[in-house]
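Trainee: Next come the chains, spelled out residue by residue.
Number of protein chains: 2
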Amino acid sequence: MRLKDLGEFNFINRISKAIRLSNRVVKGIGDDAAVLKYTKDKYLLFTTDMLLEGKHFYKGSSARLVGKKALSSNISDIAAMGGIPKFAVISIGFPGSLDLKYADEIYRGIRKVADRFSVDLVGGDTVGSNKIIINIALIGEVEIKNLTLRSKAKEKDAIFVTGNIGGSIKLKHLNFTPRLEEARFLVKNFKINSMIDISDGLLADLGHILEESDKGAVIYEKTMPVSKDAIDFNSAMRDGEDFELIFTLPEKHADRLEDIWPFETRLSRIGQIRDIHKGFFLARKNGKLEKIKPSGFTHF
Amino acid sequence: MRLKDLGEFNFINRISKAIRLSNRVVKGIGDDAAVLKYTKDKYLLFTTDMLLEGKHFYKGSSARLVGKKALSSNISDIAAMGGIPKFAVISIGFPGSLDLKYADEIYRGIRKVADRFSVDLVGGDTVGSNKIIINIALIGEVEIKNLTLRSKAKEKDAIFVTGNIGGSIKLKHLNFTPRLEEARFLVKNFKINSMIDISDGLLADLGHILEESDKGAVIYEKTMPVSKDAIDFNSAMRDGEDFELIFTLPEKHADRLEDIWPFETRLSRIGQIRDIHKGFFLARKNGKLEKIKPSGFTHF
Chain A
0 MRLKDLGEFN
10 FINRISKAIR
20 LSNRVVKGIG
30 DDAAVLKYTK
40 DKYLLFTTDM
50 LLEGKHFYKG
60 SSARLVGKKA
70 LSSNISDIAA
80 MGGIPKFAVI
90 SIGFPGSLDL
100 KYADEIYRGI
110 RKVADRFSVD
120 LVGGDTVGSN
130 KIIINIALIG
140 EVEIKNLTLR
150 SKAKEKDAIF
160 VTGNIGGSIK
170 LKHLNFTPRL
180 EEARFLVKNF
190 KINSMIDISD
200 GLLADLGHIL
210 EESDKGAVIY
220 EKTMPVSKDA
230 IDFNSAMRDG
240 EDFELIFTLP
250 EKHADRLEDI
260 WPFETRLSRI
270 GQIRDIHKGF
280 FLARKNGKLE
290 KIKPSGFTHF
Chain B
0 MRLKDLGEFN
10 FINRISKAIR
20 LSNRVVKGIG
30 DDAAVLKYTK
40 DKYLLFTTDM
50 LLEGKHFYKG
60 SSARLVGKKA
70 LSSNISDIAA
80 MGGIPKFAVI
90 SIGFPGSLDL
100 KYADEIYRGI
110 RKVADRFSVD
120 LVGGDTVGSN
130 KIIINIALIG
140 EVEIKNLTLR
150 SKAKEKDAIF
160 VTGNIGGSIK
170 LKHLNFTPRL
180 EEARFLVKNF
190 KINSMIDISD
200 GLLADLGHIL
210 EESDKGAVIY
220 EKTMPVSKDA
230 IDFNSAMRDG
240 EDFELIFTLP
250 EKHADRLEDI
260 WPFETRLSRI
270 GQIRDIHKGF
280 FLARKNGKLE
290 KIKPSGFTHF
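Respectively, the protein sequence lines represent chains A and B.
At position 113 of the first sequence (counting the first as 1) the number is 112 in my numbering, and the numbers step up by one without a gap.
At position 39 of the second sequence (counting the first as 1) the number is 38 in my numbering, and the numbers step up by one without a gap.
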């Protein structure tokens with residue numbers, strides 16, 4: 000059997016099941032970052048992301064944006080846990096024939112994001128490679144009370160999403176700002192029951208929350224913030240790498256959140272968490288309900 | 000200018016100089032692992048290593064050994080700091096057409112090492128790739144008093160090396176046991192002034208200690224533990240990926256170390272740290288002194 004016959008998520012499940020973890024691990028594989036015991040008040044967070052030339056970016060891509068994306072995607076994972084990024088190590092595969100300027104620009108892009116979000120770049124590995132490979136691993140921390148998992152969505156929670164959805168392939172997948180400040184505002188001022196960042200697509204990632212939380216949901220076409228870069232509504236729901244946050248919080252706090260939201264970043268209330276037996280539905284503008292299959296981008 | 004014209008170490012120096020670090024970082028780029036403030040008594044350690052098919056292993060390589068190496072090389076870095084490995088994240092690039100069994104075997108190799116050294120495998124990333132790529136990032140910890148850097152070698156320190164040197168390309172570079180137990184024994188029972196693991200070759204890595212410590216050294220051909228797999232003495236001194244430990248400690252404790260060394264792993268006293276103005280020399284069996292240029296394996 001080949002890997003692509005099994006599929007990425009089945010393969011990850013298969014790996015995950017074979018791993019035994021110690022009691023130092025609060026949450027291993029299966030959220031945006033691992034959660035590890037640390038101090039009395041805080042957890043460590045640990046995440047990693049790999050970018051490949053020809054897959055996540057191309058020969059003609061701006062080197063600075065490639066570097067920016069490599070660190071920003073990791074910061075987005077830490078943000079989705081409610082945490083703060085701290086320390087990064089960077090593994091790079093470079094062709095020896097690569098123009099030094101291009102390599103420098105990648106690091107400049109990484110450094111700019113690191114400076115903006117106070118991340119220390121503390122080490123790495125460099126190897127010769129035919130194509131450019133960038134892997135960053137990032138340590139963060141989060142106050143125990145502020146940790147937000149995928150698995151804690153509650154019935155009747157309001158579902159929100161930041162920013163605009165879809166069409167990120169045009170530019171945003173390389174040139175985005177991780178929603179770290181927004182996430183920290185949320186966890187410090189509200190009881191956020193669940194949160195995830197959009198890497199596989201809105202339906203797929205909201206689907207992860209529903210699956211991990213054993214819940215259903217209804218989402219509204221009417222309030223969905225579809226990007227002008229998206230082909231149409233349906234593709235916007237499945238496009239990957241928006242790097243926006245989907246989160247849920249108790250219905251009764253939703254109005255206050257909309258009232259005091261202090262960011263320019265758009266905030267949209269796009270649905271409601273339901274009992275699992277009610278399934279996952281899209282309410283169309285015309286009032287019709289459609290059953291949703293939460294598919295999205297797969298890597299194999 | 001191309002990357003390979005600048006050279007790997009110059010490139011890393013160039014990157015390193017451009018990075019500003021906060022006071023949470025005790026040691027950034029330039030040792031086997033980064034050293035980060037943690038608790039009153041302990042530092043966090045953070046390291047990463049990337050393995051590429053066609054570079055560090057080949058299509059025909061045993062998948063289990065490839066997995067074993069991927070984690071073991073990181074554990075070796077933590078060992079060289081005097082620390083204990085704790086948590087790993089694994090990024091894998093796999094061709095979709097890869098036989099599932101081969102992928103499973105890689106993870107089995109990683110798991111076996113993780114179990115042996117009590118490392119929790121807590122997360123990762125999977126991407127589609129033409130060739131197999133494995134990047135592991137590893138968090139460890141070390142008691143502040145046991146931290147061993149490259150930069151603290153003292154004049155007259157005795158220089159030791161574990162195991163045998165050279166010829167690891169035959170098999171050992173894939174199938175080795177990181178010297179974690181040996182390193183922990185050393186730091187708990189002796190004042191180890193400096194330590195490094197051999198990835199670039201004995202001369203190059205001892206050269207890193209000398210450069211970081213501003214010291215010279217003399218090493219002895221007579222006591223050098225050259226592997227039977229090495230082509231000859233000279234190549235053994237430059238072969239990479241032995242994953243043995245080079246360390247230095249005050250001369251007066253060297254005899255006691257040799258007396259109480261409890262491991263089957265060979266232990267060899269191979270030289271002495273000298274004042275930097277005395278340079279770096281090899282004492283040949285015939286008594287002649289040769290000046291050494293500490294070159295080794297470079298990656299571009």
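These aren't lab readings, by the way, just hints derived from the structure by calculation.
Careful: at least some of the hints might be erroneous.
Copies of the same chain are indistinguishable here, so a pair counts whether it falls within one copy or spans any two.
[Unchecked claim] The calculated lysine-lysine pairs, modelled on DSS-like cross-linking and capped at a C-alpha distance of 27 Å, are:
#, residue 1, residue 2
1, Lys153, Lys41
2, Lys287, Lys100
3, Lys284, Lys190
4, Lys144, Lys187
5, Lys155, Lys190
6, Lys111, Lys144
7, Lys16, Lys130
8, Lys111, Lys36
9, Lys221, Lys100
10, Lys16, Lys100
11, Lys100, Lys54
12, Lys227, Lys169
13, Lys3, Lys100
14, Lys16, Lys111
15, Lys111, Lys190
16, Lys151, Lys111
17, Lys3, Lys111
18, Lys187, Lys155
19, Lys16, Lys287
20, Lys58, Lys39
21, Lys39, Lys144
22, Lys221, Lys153
23, Lys100, Lys58
Computed from a prediction, not measured in an experiment: that's the story for all the values here.
Trainee: Hints first: check each against the structure and report whether it holds.
Mentor: Each hint, compared with the structure:
no.: 1; hint: Lys153 with Lys41; in the structure: within (24 Å within a copy, 39 Å between copies)
no.: 2; hint: Lys287 with Lys100; in the structure: neither (55 Å within a copy, 46 Å between copies)
no.: 3; hint: Lys284 with Lys190; in the structure: neither (30 Å within a copy, 73 Å between copies)
no.: 4; hint: Lys144 with Lys187; in the structure: within (9 Å within a copy, 37 Å between copies)
no.: 5; hint: Lys155 with Lys190; in the structure: within (14 Å within a copy, 61 Å between copies)
no.: 6; hint: Lys111 with Lys144; in the structure: neither (30 Å within a copy, 35 Å between copies)
no.: 7; hint: Lys16 with Lys130; in the structure: between (33 Å within a copy, 25 Å between copies)
no.: 8; hint: Lys111 with Lys36; in the structure: between (30 Å within a copy, 23 Å between copies)
no.: 9; hint: Lys221 with Lys100; in the structure: neither (47 Å within a copy, 47 Å between copies)
no.: 10; hint: Lys16 with Lys100; in the structure: between (44 Å within a copy, 16 Å between copies)
no.: 11; hint: Lys100 with Lys54; in the structure: both (22 Å within a copy, 24 Å between copies)
no.: 12; hint: Lys227 with Lys169; in the structure: within (11 Å within a copy, 57 Å between copies)
no.: 13; hint: Lys3 with Lys100; in the structure: between (37 Å within a copy, 13 Å between copies)
no.: 14; hint: Lys16 with Lys111; in the structure: between (38 Å within a copy, 15 Å between copies)
no.: 15; hint: Lys111 with Lys190; in the structure: neither (32 Å within a copy, 40 Å between copies)
no.: 16; hint: Lys151 with Lys111; in the structure: neither (34 Å within a copy, 33 Å between copies)
no.: 17; hint: Lys3 with Lys111; in the structure: between (37 Å within a copy, 25 Å between copies)
no.: 18; hint: Lys187 with Lys155; in the structure: within (21 Å within a copy, 56 Å between copies)
no.: 19; hint: Lys16 with Lys287; in the structure: neither (39 Å within a copy, 60 Å between copies)
no.: 20; hint: Lys58 with Lys39; in the structure: neither (47 Å within a copy, 47 Å between copies)
no.: 21; hint: Lys39 with Lys144; in the structure: both (11 Å within a copy, 23 Å between copies)
no.: 22; hint: Lys221 with Lys153; in the structure: within (23 Å within a copy, 71 Å between copies)
no.: 23; hint: Lys100 with Lys58; in the structure: within (14 Å within a copy, 33 Å between copies)
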